[in-house]
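Asker: Starting from the known structure of chain A, fit chains B, C, D, E, F, G and H with the ligands onto it as the hints suggest.
Number of protein chains: 8
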Amino acid sequence: VIKGFPEVIFSQGKTTDQVINIMLNLLKINKRVIATRASFELYEKLKEYIPDAIYFDKARIIAVLREDIKKKGKVVVACAGTADLPVAEEAAITAEIMGSNVERIYDVGVAGLHRLIDQLDKFYSSNVVIVVAGMEGALPSVVGGLIAKPIIAVPTSVGYGANFNGLSALLSMLNSCVPGIAVVNIDNGFSAGYLANMINLMVEENRK
Amino acid sequence: VIKGFPEVIFSQGKTTDQVINIMLNLLKINKRVIATRASFELYEKLKEYIPDAIYFDKARIIAVLREDIKKKGKVVVACAGTADLPVAEEAAITAEIMGSNVERIYDVGVAGLHRLIDQLDKFYSSNVVIVVAGMEGALPSVVGGLIAKPIIAVPTSVGYGANFNGLSALLSMLNSCVPGIAVVNIDNGFSAGYLANMINLMVEENRK
Amino acid sequence: VIKGFPEVIFSQGKTTDQVINIMLNLLKINKRVIATRASFELYEKLKEYIPDAIYFDKARIIAVLREDIKKKGKVVVACAGTADLPVAEEAAITAEIMGSNVERIYDVGVAGLHRLIDQLDKFYSSNVVIVVAGMEGALPSVVGGLIAKPIIAVPTSVGYGANFNGLSALLSMLNSCVPGIAVVNIDNGFSAGYLANMINLMVEENRK
Amino acid sequence: VIKGFPEVIFSQGKTTDQVINIMLNLLKINKRVIATRASFELYEKLKEYIPDAIYFDKARIIAVLREDIKKKGKVVVACAGTADLPVAEEAAITAEIMGSNVERIYDVGVAGLHRLIDQLDKFYSSNVVIVVAGMEGALPSVVGGLIAKPIIAVPTSVGYGANFNGLSALLSMLNSCVPGIAVVNIDNGFSAGYLANMINLMVEENRK
Amino acid sequence: VIKGFPEVIFSQGKTTDQVINIMLNLLKINKRVIATRASFELYEKLKEYIPDAIYFDKARIIAVLREDIKKKGKVVVACAGTADLPVAEEAAITAEIMGSNVERIYDVGVAGLHRLIDQLDKFYSSNVVIVVAGMEGALPSVVGGLIAKPIIAVPTSVGYGANFNGLSALLSMLNSCVPGIAVVNIDNGFSAGYLANMINLMVEENRK
Amino acid sequence: VIKGFPEVIFSQGKTTDQVINIMLNLLKINKRVIATRASFELYEKLKEYIPDAIYFDKARIIAVLREDIKKKGKVVVACAGTADLPVAEEAAITAEIMGSNVERIYDVGVAGLHRLIDQLDKFYSSNVVIVVAGMEGALPSVVGGLIAKPIIAVPTSVGYGANFNGLSALLSMLNSCVPGIAVVNIDNGFSAGYLANMINLMVEENRK
Amino acid sequence: VIKGFPEVIFSQGKTTDQVINIMLNLLKINKRVIATRASFELYEKLKEYIPDAIYFDKARIIAVLREDIKKKGKVVVACAGTADLPVAEEAAITAEIMGSNVERIYDVGVAGLHRLIDQLDKFYSSNVVIVVAGMEGALPSVVGGLIAKPIIAVPTSVGYGANFNGLSALLSMLNSCVPGIAVVNIDNGFSAGYLANMINLMVEENRK
Amino acid sequence: VIKGFPEVIFSQGKTTDQVINIMLNLLKINKRVIATRASFELYEKLKEYIPDAIYFDKARIIAVLREDIKKKGKVVVACAGTADLPVAEEAAITAEIMGSNVERIYDVGVAGLHRLIDQLDKFYSSNVVIVVAGMEGALPSVVGGLIAKPIIAVPTSVGYGANFNGLSALLSMLNSCVPGIAVVNIDNGFSAGYLANMINLMVEENRK
Ligand SMILES: Nc1ncnc2c1ncn2[C@@H]1O[C@H](COP(=O)(O)O)[C@@H](O)[C@H]1O
Ligand SMILES: Nc1ncnc2c1ncn2[C@@H]1O[C@H](COP(=O)(O)O)[C@@H](O)[C@H]1O
Ligand SMILES: Nc1ncnc2c1ncn2[C@@H]1O[C@H](COP(=O)(O)O)[C@@H](O)[C@H]1O
Ligand SMILES: Nc1ncnc2c1ncn2[C@@H]1O[C@H](COP(=O)(O)O)[C@@H](O)[C@H]1O
Ligand SMILES: [Mg+2]
Ligand SMILES: [Mg+2]
Ligand SMILES: [Mg+2]
Ligand SMILES: [Mg+2]
Ligand SMILES: [Mg+2]
Ligand SMILES: [Mg+2]
Ligand SMILES: [Mg+2]
Ligand SMILES: [Mg+2]
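Residue numbers (this note's numbering), protein chains in the order written: chain A, 82 to 289; chain B, 82 to 289; chain C, 82 to 289; chain D, 82 to 289; chain E, 82 to 289; chain F, 82 to 289; chain G, 82 to 289; chain H, 82 to 289.
Because the hints were derived from the structure by calculation, they are not lab data.
The structure displayed is predicted, hence computed values, not measured ones.
Note that beta-carbon positions come from the ideal geometry of N, C-alpha and C, so glycine has one too.
Any given hint could turn out to be false.
[As the list claims (entries may be wrong)] Taking lysine to any residue and the SDA-like style, the derived pairs with C-alpha atoms no more than 25 Å apart in a straight line are:
| id | chain 1 | residue 1 | chain 2 | residue 2 |
| --- | --- | --- | --- | --- |
| 1 | B | Lys139 | F | Ile103 |
| 2 | H | Lys109 | F | Gly193 |
| 3 | F | Lys203 | F | Ile150 |
| 4 | H | Lys112 | F | Thr163 |
| 5 | D | Lys95 | H | Asp188 |
| 6 | G | Lys203 | F | Leu194 |
| 7 | F | Lys153 | A | Tyr205 |
| 8 | C | Lys95 | A | Phe121 |
| 9 | C | Lys139 | E | Gln93 |
| 10 | B | Lys203 | A | Gly226 |
[Unchecked claim] Residues of chain E clear of chain G, computed beta-carbon distances all greater than 12 Å:
| id | residue |
| --- | --- |
| 11 | Glu122 |
| 12 | Leu123 |
| 13 | Ile150 |
| 14 | Glu184 |
Excised from the complex, chain A in its bound form:
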């Protein structure tokens, strides 16, 4: 993990005890520590030991933030709706805690293009765009056709039938006919938020 960046625990597949112990250890030398893929139950247990821990329920992230975050620049996180929301929020909260201003545009989907087109100016003022999409995964291509910004596409496992747990959306995004789109693993909002923040901060650090 980069210097100045918070430490991160991936909770999935770890016991409650393991997460709490790792968190306590990391807090000895870090001012910001987060645990991703954390359930509310985990949070409640952990809070007994670390009372200043806070919980972002949509993002399923526990955070302990013992220093101020000065947010810079702007990252847009776009998705179509309810079902992609946990992944979008994981990306958004990650980027915020790591130091980026985030604008959420969650009411846009391929089936109702005008809502996307109405908000294009919000995209223009950002440095990076994260697009989260499940099912046919068409949203990043559509956004990429309208906006000349680096796009990080996050396929989600949302869907059913021949969706194959996100494979359909993943392939769509990799095969986009629009250049300038890069893809992270299925449901990996964390990695998208991490990368978007890194790019955003690089741009802003040079701004005078």
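Answerer: Below, chains B, C, D, E, F, G and H with the ligands without anything else, positioned relative to chain A:
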């Protein structure tokens, strides 16, 4: 094959002799016969035996048309560009020979949405829309979000990398978040044209 | 969603509260709203807030219908039996609520062809045929060989072994040697019913 | 290889010299030797050394038959048409050379059921039925629903698009809702003919 | 289902009520009815209505047998051990109820070849051999190399890792270098028993 | 394509005539046009019409550059060796023509880590890193563990056996345990170069 | 199982009773018996019958060791961390019980190379190295590039998204550009430990 | 590459010039250099520059050997026959040039077990066994059940139908029910020979 419909030969995997013989036999009792997936070489050989055969080179279709076709209604065939053109033309020529007026809208792709939006009225006046798309296969979802018509989506094997010979586009189309889209096999322009024409004629036959 | 068409909520992956809230909002400006993939438990909760909601248990659909539906034309929904029934009913109820007369032919399977052949006249009087099939997914090809109507094929995830959650049936339907068959996503009875109804109404609206 | 059975060479992936040498060696102690997957070019070369070799061109089989074959019982080989023919013939010739009477029923396909139904009596008088089918692979299920005989299904790689070189037909056949169908590898007409003959001879050897 | 054969209910995916009702109906005109994939709980409920029902627990089959079965010939069912046993028993009980003598050879696996070789004579006196195998699915090839009988191979979903729910064993069996092996669907002991019995009875019916 | 960016033609799947015509048209209003996936034969033909076209043979890119490019910042392109070179060069030349300084680090592979470690300072002075890798695709994870820069990973189809045309490398990169890595399609050096340049220019444009 | 080697029971898919019975039987003639994939619940039941059984909880192995094990040579087991630990421990305990000294190096991952490089001397003094890795499965390639020892790579199913239950790591390891790496099945720590021990003992038995 | 080991060039995907240049460079400081996957044409060209190069045609390996090789110990290479031979020879020649005695056992296949059993003593006197197999890939399991030696399994792409270029054999080998078998990539005889030699030399170096 339905009464009143032309007979169809699928040339792929047949020898030149086989196609010519089948064609000659079918012409004994049919006024319209077509051969799909036909090369120009096949056409030149066949023409020696059937001089009134004509060739649609982009569609790779040989047709013998010994009666007038009164075209009715309208089918739109849309695709993004050069590479999907053979499949789009196979669909378009099939629908035309079977009795439909066809409007081609070939200059539209997800990467340049305005060109699609500029031509929406052409879609409104049709009975069925065929959308041909390779790579990420997003076009049918976008068209389906804008136009309330039955949509037949044709994935093409155009692309490379993790495209897997059209699988990426096929999965996108099956997983579309827009209802009212049905899908035919990869590159199967013929089946799309056949089905679109059938729906178009049903609608028109009832029109007074 | 098309004007005049009911609004639709996809319940799967949404909490009870989310579905109820969306339903209440939609009912402010819509006379027909349905929720698909809805459990009986969801229905019982929702009924406390919306007492005129009704439940189609085989189709797993909740409907609130505050205007009369004048059904037109005819859509046939065919399947082999018990296991494909939920998907077939989802298609049938969807088409009915959207405005189509539906004839169910549920006692036909590839293993007992005569039952299908005995009822061919029911198919002849329809405008569109929906064929639902799992396992080897052969039924749409067989129906398509006997009846010259637009066929919407719905693969189901019914089966086991090398069925791969409906992939076997999906591939069969896409590869049908019979033209005029288009396919929707695995288990997607809703989309099939939606499309069939759209085609059926187009045909009927022109009938005088 | 079973006693009394001919020796078999699988030519694919062997050089002309290798096949000729193996054939010459086997003929020292065998009266019937066949080479499958053999091109006409291979046959012409081989004939210079083994002048009594004969060639079954549709089946792509070279045979040297230095004893009389007394054919018994009956195996039916059924398929839909032109494209599946080489595989069907490989099965038929194999079964004939090994000692079975074979009845070919090659004009039957799912898209034209009546042709199948018209010939049911031919199936009734057989001991085993081989059904060869590509594309959606529905034919074995349909035959199995009509005829109570052991069925050996052979998927072929015939098709295109989402056919995946015969995978679609293979999965269909494995997932058949009709019991009593067993499947051999894609395009493996030889193995089907071999097994059908074995069953046929077992039945006949007991007949008095 | 063939005349003289018992009726069969596939219980998986059916409610207890559905199975009992179908069973009661079938018993009105049938003397032998079986239900496969039946849990012990289902059996206990069903027994209240049909007291002469019996349960084969390893095979998970409920049977009502109101006539004597005169078993003929011999079918061998071979497998490696504990984990493949339910599938092997489904095959064995099916064949027995349908009219075959069955010899079980369950102590043989590829990792201990001598146990197989020690029992070869048991195979020689049979008409058909069913080989059930999971994991690498090598047993049918090994048996097929030693015994010249029709072999029906049943892949099981037993295993883990890159087993992919039986796909590994299925592919092994389809690709066997030994001819005369045909394959049924993963875990489909019923279909194997059904087919083996059909072949066995055909052979025996001709024996004098 | 973004304003100020060169126009790009994807030559693969287009005829020589098509590429030349498109190029001639684009040059009417653009000062920089490039054609990717271009063979030397295509270049020679095209040069007859456009004599100032130049050819980058390793990158398989034709370029017409009628204005000066002022390169800014730095993009690193890293790969292991000979076989990944065409893809790496496609990325590098794309980024250069679009306005980035590019440093190539082509002598690094997972099998010889010290060569990578010896050149770490070259990475530190860059804004973005492109890592091209085939076979097991491990290089981006290793680079990402050593350098805190945005990484664009490009899987290549180089390899054989269970490589599945680049799928192995693609999956490795998507599943990297190192955050901050985003992936483009297999062999898509162009898209990687395009995105890297976009990020690089954004950073530099803000630098004072 | 080799003479002198302990007997092994694979508990997964067996009932508690079955495991206990097999264990009791094996103990009649064996001094060392182990059961892999054993839960703590199973251990507690089994202990009532076999009080000297011990449980390795991380490895999920029950062992009854009624003779001294003289450990020889050295096997290294390396992995990245918490999540791969159960598989690594299954390998380590297996090798130890079978007669090898094992050194665990569990704090090394591709994302923090220096920890691996700091411990290279531990690898130099071993005869075989087992490398356990999930996600992108890069660790065996990196270790193999640094150390000239036989490497047994164990992919784990740890990960999510496009990990496909360990397929990603499996393919990476098979496609390693470093020679001298062989791979066992996903999560198969037992087989890796068994093979490593066999090689280690062969080397040591010859040492004087 | 390990000290004392020959240098290796992987010719596939390299031009003749590239291979010759690399070879000439490596020979400046190495006494043994080999090029794998080399055609006879490549050898003839290379010989003009390096007259002491020799060619192993079955193994497709060019070798320049300017020092004596003292072969030690024994590696067995086993396969079924003609088609797997190139891969088996690549393994055998690699191990020989690297310093191992190799015994080839090429006349053994699962379909004729006795030929394998007749030669068991040849396996007993070896340190490592390489088993090469295509199609169903059963041979390593059978060998592993008979012989307690480390086994390196090499799946080959030999086969057709549902073989999927060696995937069938690869999965069989990974899922072997016999422990002590490790697998290399499809067709990778080189890697198997390299690893077998490494193990063999380790064992022998300790022998006194
Ligand atoms: N939600 C997430 N999705 C994917 N990777 C994550 C996530 N959260 C954390 N990680 C990665 O997991 C690492 C921590 O893993 P661990 O040491 O197992 O807690 C972090 O450095 C991240 O690279
Ligand atoms: N057309 C075929 N398809 C599949 N397997 C075949 C075919 N012809 C022969 N075989 C098998 O290949 C064996 C001979 O292989 P070989 O020794 O390589 O010639 C025969 O015993 C058959 O089992
Ligand atoms: N265990 C089984 N595995 C596969 N198919 C079965 C099994 N048991 C019954 N069947 C098939 O399912 C049919 C009955 O299905 P159903 O009408 O749904 O009860 C029977 O005729 C058999 O073809
Ligand atoms: N036949 C082969 N199969 C697989 N890998 C090979 C083969 N021959 C050589 N290699 C590997 O390729 C490396 C050399 O690759 P290169 O530098 O591209 O010539 C060697 O060190 C081996 O690891
Ligand atoms: Mg979406
Ligand atoms: Mg497209
Ligand atoms: Mg069906
Ligand atoms: Mg067919
Ligand atoms: Mg087995
Ligand atoms: Mg690499
Ligand atoms: Mg790892
Ligand atoms: Mg083999």
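Asker: Compare the structure with the hints numbered earlier in the document and write down the numbers of the violated ones, lowest to highest.
Answerer: none
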